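Residue numbers (the numbering used here), protein chains in the order written: chain G, 15 to 181; chain B, 2 to 1005; chain C, 28 to 465.
Hints are computed from structural coordinates only; laboratory data are not their basis. Predicted model only: the values in this text are computed from it and were never measured. Any given hint might turn out to be false.
[As the list claims (entries may be wrong)] Among chain C residues calculated to face chain G with C-beta under 8 Å, some are:
#	residue
1	N160
2	N167
3	V177
4	T181
5	D203
6	T206
7	W220
8	E225
9	Q226
10	R228
11	T231
12	A233
13	F236
14	P243
15	S353
[To be verified] Listed next, the stretches of chain G that the computed footprint assigns to chain C, with coverage defined by at least 3 CB atoms under 8 Å from CB atoms of chain C:
#	region
16	18–24
17	38–52
18	131–142
19	149–159
20	169–180
Beta carbons: idealized from backbone N, C-alpha and C, even for Gly.
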Amino acid sequence: MAVEKCVISLFDDETRAASAIEALRGSPWKLERVHSPIPSDKILNALKLKKSRVGYFTLAGGIIGFFSGVGLAIYTGIQWNLIVSGKPVVAWIPFLIVGFEFTILFAVFGNVLGLLFQTNLPEFQSLRIYDQRCSGEHFGVLASCAEGEENKLMAFFQEKGGEARLI
Amino acid sequence: MVDLTRRHFIKILGIGSLTFAPGCTSRPEKNLFSNVQAPEDMVTGKATWYASTCRECPAGCGILAKNKEGRVIKIEGNPLHPVNQGRLCMRGQAGVQGVYNPDRIRRPLLKKKDGWQALSFQEAEAFLKEKIDAATQKGENRVHMLTEVVGRSLSALFDDALHKWRSQPPLVFEPFAYESLKTANQRVFGLDGLPSYRMEEADFLLSFGADFLETWLSPVEYGRKFKQMHAVNDGRKGFFVHVSPYQSLTCANADLWLSCYPDAEVVIGLGLIREAFQHGRGKSLSSELRDALQDISSPFTKDKVAELSGVDLDLYGKLITRLQQARKPLIFGTGTGAIGSNSLQVDTVANLLNTLLDPELGLLEFQNRHLVETASRRSEVLTFFKGLAKEPEGVLLLNNVNPAFALPSSGSPVDVLKQESLFTVSFSNFMDDTSRLADLILPVRLPLETWDEYSGTSHIVSMVQPTMAGLTGAPHLGDLFLRLAYGEKSPAKNFQEYLSIKLFSSGVIKDQKDWVNMLREGGLFEKHASGKPSPQWISGDEVRRTLGSVSPPRNAELTFFAAPSLRFFDGRGANRPWLCEVPDPLSKVAWQSPVSINPQTLRQRGLKQGDVVELRSQWGTMEAPVYETEGVRPGVLLMSLGQGHELFGRYAEGMGTNPFKLLSPEVEPVAGSPIFTVNLTSFRSTGRSLGSAHTEGSQGFRTQFGIHYRLRLAHTDGSKVQHGRKIALTTELQDLGKEEKEQKPGLGMWDFPLVLPLPEGYDKKRDVYPPHDHQIYRWAMVVDLDRCIGCNACAAACYAENNVGIVGPDRIREGREMAWLSIERYLDEKNLKKVTFLPMLCQHCDNAPCESVCPVFAPHHSKEGLNNQIFNRCIGTRFCSQNCPYKVRRFNWFDWKWPKPLHLQLNPDVTVRSKGVMEKCSFCVQRIKEAHGLAKDEKREIRDGEVQPACVQTCPTKALVFGNLMDKNSQVRKLTEDWRAYQVMGHLNTKPAVIYLKKVVQEI
Amino acid sequence: MSGMTYAQIEQTVLHTLRPAPLKYWAVVALTFLGLLIGAGCWAYQIAVGIGVGGQNIPVVWGTYLINFVFWVGIAHSGTLISAILYLFRAGWRNPIARAAETMTVFAVCIAGLFPFIHLGRVWMVYYILPYPNERTLWPNFQSPLVFDVVAISTYLTVSSLFWYTGMLPDLAIVRDRATGLRKRIFQMISLGWTGRHEQWRHYTRAYLFFAALATPLVISVHSVVSWDFALGIVPGWHSTIFAPYFVAGAIHSGLAMVLTLIIPLRRIFHYEAFITENILDNIAKTIIFTGLIVGYAYLVEYFLAWYSHNIVEQESFRWRAFGHYSLQFWVMVICNTVVPLLFFFRKVRRSIPWLFAISVLINIGMWYERFVIIIGGVAHDFMPNAWGLYSPSIIEYGILLGSFSMFFFLFLLFVKHLPSVSMTELKEGIHQGGDHGR
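Excised from the complex, chain G in its bound form (with noise of 0.2 Å):
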């Protein structure tokens, strides 16, 4: 396919930016990225994304944890079956609460885990094509366009009220 050039827009207004968004649906042009200094709903219902996995890997990560924990407790206790205070060797109410912290740290990891993997961050490639205003009170939209177009979509932002610039 032919060469694409990058056009990002600048709203200062996240609803401007969601209407653009909407609008794009309807264009020959394509959504790159929506860069946004707040996690704003109204963007994000204008893309109409699906929910995110994160929680799959927090859940893994939870049920992990409580058994590793568990399971730490007992086999350490079971190496030498030292009896103390006469309890039992292998005595469920204290090894729960261990299961409990590792289900807590686990979790957490896999929580860390998968906001990392998913939104594959550490990654620094898109600080290339980035607005740095994106992060203070703009909301960039960035689309793609067959060459030679790249005026008409500069065009099209223009007319929804954002700045243009092509990249």
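Since the structure of chain G is already known, use the hints to place chains B and C on it.
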């Protein structure tokens, strides 16, 4: 009868025939471990036991010294020995710390203008020989000698030697020489000596101060005998009444303390004589004696006595009834040495009472007498010094005596020691108050390193043999004297041979075999038949002379008493760290000697415990912190003797104060006994205060309950009472068996049942967790509070066996004492005069709270039920101690020091703990392991009584019993079925393996 | 704070990151000195032995564990504010969340140090970790102290991750506004965050889970800490109320500490615009609530002691109020339960000096609460013969000083080098009227 267990038999067999081989060389061993010079019976890692005799006090108990790799690490009683029957007191336990004392003098010292000059032993000996010969040339009586009580053979040698030197036999100096008792015996029984008593056969004891559980004559022996007559025995137990102005440890064990004015004992005694006549006693007496006695005693009616002596009239009445009812009463006079100025009268009265109440005198063994009777009277000692002062040319030999310390300082005869013309030689191993004054210090071997024969009572022969090679290369005193006196023409090549010759000639032994047997068994113990007493009665006018003028008790405002010390005896023990570190059982104060004062007196003076007061008598002045106790009468000030050495090594110097300073240099004219009481001319606060660090202690509550916390007094206890908790329990004799039988078990402190640390001790109703089994053994201990006399022997033995650290007074003040076993004393909340002693040690609970809280399993439950503490696993979170309801765990806050050569005493079977580690009683697990090995070799199980922890082994009254609970027939198991059995704080359901038997008290 | 623009927010916050004046570094140096003193004391203690402290038998736990519990307590409100209030959608938390979280992280670090300082043989501390070794010696997972190890380390990890994750977008902002070295550093630590919709999509979700996990964690951690005591049989400790009682106490002290920190903070950094009086007011109200819970716990303890008919328990509590440590006890009661009641007056809630003073008082009171529990319990427990007292030694005071110095040292460094208020959340707040909290 001696119970010779197999274990002891092994010990004794262990003593090989030629065991004296390492002993009799006077060359210093380069290396104690040197196997080149090892005796044939020395096997590295295996202990060898040498039988000998304890010389820490004149009683002369038999000991077995445990020698490992050539060094003695522990002393235990010799079970064959009739005096102590295998038990030992705390002073005996500390004997090893004499040998290994870091301040021991290792080379002879000659006094020069510019301080001490060290000589070789040969030089010193030659030098001394010169001096003596020179003195002998000069004329008669130029060589004088002052010695402690020594065995017959040695004293014979002394006599011969001094005779050769044309001088008088030596004078025997003992600070406690029982002058008045001897005189009283001489007067009443015509026997100038100290017969021993068949206390165990008595059913009623009355003591006018005799502290036979602490220092009096033979404490271990009488401790045992006392409990034989005083322990519960099919529902009955003997009575013991103590008459005294203050409460000694012995008194604390009495059923009744009849507190009287100072010097009022004699009044009570005479009163009792009167009552005896009233009850028609004294038929057997000669009429004139009877008349005399009646005349003298008649004025002392009940009310008169009560008025003069300040005793409770109705208690006195009870005493009279009991005394008359008694079948075999036994009356003792004053305490060790003598106390008041009228102690002769008291002792005489005591003897007369004995004769009145038991004309047979069946409880006195006139033939079997205490060797300490050979000690000279104080009056003679003073004359001796006066003589020296007059014509001081010559040589004075001092054998292990410390007159400079033990004689009242004012106008002290000791000044003669300083005189130029008198060449004073001290054979002491320590730079003490006396050796300092000597011109030559020639240390000789200490009893554990030397040959001798010391028979505490006359019907036995008890050996002293080297239990290890000499540590310093000092000569045997005996050898020294042989060489000095005879040179080449010596009757024996060394004192050991001299000894055997003596014993042979006296017919004690017939041949080498007997000799070896004596060494194996520690002596010759078959009893000589003690014949009937042949008392030649005191004459009537003798009585009149003695008792005619009973001085009405001086009711001075403040009377000061200096009492012999359970821990230091007359002070000779003051440089033994264990004796300093183990607190006094009554005051719980360690390292210091406070002056005990009644709270009432304190309040009058506006003083608080810990305040430093200045005491002034016409003879001297001293300062001491006060300790508040109901154990002394108002107006009585009590301090124990033995501390306050100006010089006696690092452990004694500057510790406590020396009450001898306050005492009169005069002696009681007739008996020539020193007087250990004095009237104070002034008593005032110095304003300074060691102060109670914690005010809670000194205010409010204490007045009510006697609570206080660790004071700047090096104090090891918190509250003196148990706040109605189930800790140290007593029961009335008449309640025997009745108590708590019908009560149905519950979960409260008082209705919680006794739960054995065994599967049967578990019950769904009480226990969340299921029981756990043990393999064959479940070790446990039974502590009979009725037998415990609080003598601290167990505590000292524990220090010796388990390398327990010595922390010193400052650390104890901070509450960091390390005792694994401590005697806790609890006072009755209703009557603070009633004392119960509670040996407190790790309870080895079946559900030990300390275990589960440790993050690293350092404490855990062993297969045999022990609560193991793994020192090198411990990281020091200290949660275990926090969670131990009995607070018996001890923590190493620092690395404790064993200054050389004290470290040679350390038990190689027990780890020395480093800083940051928790430790506690292990039930002497090393001994259990040893027994395991033995049993395994013989393919059998460990026998009951085969394992004895150090504390159990040494307890003079057999209050502690150790054994296996799994064995239904073991002694411990049987004792747990005693209805007196209970567990301290049992309702916590920790299932302690230390089970206590209630103390049985009886109303007189 | 409505009416503020994104620009203003950024400007105010970024303003705080500008090169610091000399007096700032002077204060930092001072706190660092304090830190060194503490370190010196610890070194001395390791060399000579734990005995240089005041602990003894029976009081084997001293200020070290008091400080431990104290700092863990401080650590709690951070998570409370950032996680629990987040779940409750209490928008007023946004401006203070960052500071609170930071406080949490540092407080946990310090708390985590104290068990080490407390150990008799710290050089053997690794015994407590489940590391494989040839003798297969493992820690005892039945011991409350091992619960501690697990809980505290989990808490430290989680709260740090939470803190960092929450800071990502702000780090990106700093990066985008910075130049030179700082830009490069922030580029690194912001992991190349660009606020792409993909990132936001997962981020928001993950953040929610974070909050959802941190909430039970924070409750469990202080419960576990309370079990260090409640699982012991010491009178005054062995009680089921301890977990909730400690959690409430922790939050109580934590909120107080938040006040103590943000009041100067907003003054110095001119945060008045978003850390408004209403927010302080809200914190004050929460403190009333926690204070009442704590007061209730105190009462219940006495009720239980009386109701149990257990003379040991009763004596222990009698002594607590009238014994040697009665002063500490009454300080505790008054500072923690009586003083906070002043917050019922709106005037007090809205007067900065009052807020600050009371917050400090509560901190003191909470420290003494731990003192009363940890010292008072064992000093006077089962065996009267073993009763004893304790007073901290100079070394312990040195280490106490060190711990506070370390805390402020770290916090000072933080406020000048990282955004001490979450810009992103503030922006969010404006936009979605998130500040409905008021």
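Each hint, compared with the structure:
Residue-level restraint check for N160(C) is violated (minimum Cβ-Cβ distance to chain G is 11 Å; threshold 8 Å). A hinted interface residue such as N167(C) counts as satisfied when its beta carbon comes closer than 8 Å to some beta carbon of chain G; here the least separation is about 6 Å, so the hint holds. With a least beta-carbon distance of about 4 Å to chain G, the hint placing V177(C) at the interface is held under the 8 Å criterion. Below 8 Å, beta-carbon pairs count as interface contacts, and T181(C) has one with chain G at about 4 Å; its hint therefore holds.
At about 4 Å, the closest approach between the beta carbon of D203(C) and any beta carbon in chain G falls short of 8 Å, and the interface hint on this residue holds. Annotation: T206(C) was flagged as interfacial toward chain G, and the flag is violated, the nearest CB pair being 11 Å apart, outside 8 Å. Given hint, W220(C) at the interface with chain G, holds; its Cβ is 7 Å from that chain's nearest Cβ, closer than 8 Å. With a least beta-carbon distance of about 6 Å to chain G, the hint placing E225(C) at the interface is held under the 8 Å criterion.
Because the closest C-beta pair between Q226(C) and chain G is about 5 Å apart, less than 8 Å, the hint holds. The closest approach between the C-beta of R228(C) and any C-beta of chain G is roughly 5 Å, which is under the 8 Å cut-off, so the hint is satisfied. Evaluation of the T231(C) hint against chain G yields a held restraint, the C-beta minimum of about 5 Å falling below 8 Å. Satisfaction of the interface hint for A233(C) is found here, the shortest Cβ-Cβ separation to chain G being roughly 4 Å, below the 8 Å cut-off.
Because the smallest distance between the Cβ of F236(C) and any Cβ of chain G comes to about 5 Å, under 8 Å, the interface hint for this residue holds. With its C-beta approaching chain G no nearer than about 7 Å, P243(C) sits inside the 8 Å limit, and its interface hint holds. Here the hint on S353(C) is broken, as its CB sits about 33 Å from the closest CB of chain G, past 8 Å. Judged by the Cβ-Cβ criterion of 8 Å, the region 18–24 of chain G is not covered by chain C as claimed, because only 0 of its residues qualify and three are needed.
As drawn, the region 38–52 of chain G meets chain C at 6 residues by the rule of a beta-carbon pair under 8 Å; at three or more, the given contact holds. Given as covered by chain C, the region 131–142 of chain G passes the check, having 9 residues with a CB less than 8 Å from a CB of that chain where 3 are the minimum. Residue count for the region 149–159 of chain G with a Cβ under 8 Å from a Cβ of chain C: 3. That meets the three needed, and the coverage hint holds. A stretch counts as covered by a chain when three or more of its residues have a beta carbon under 8 Å from one of that chain; for the region 169–180 of chain G and chain C the count is 0, and the coverage is violated.
Violated hints, in rising order: 1, 6, 15, 16, 20; the structure is consistent with all others.
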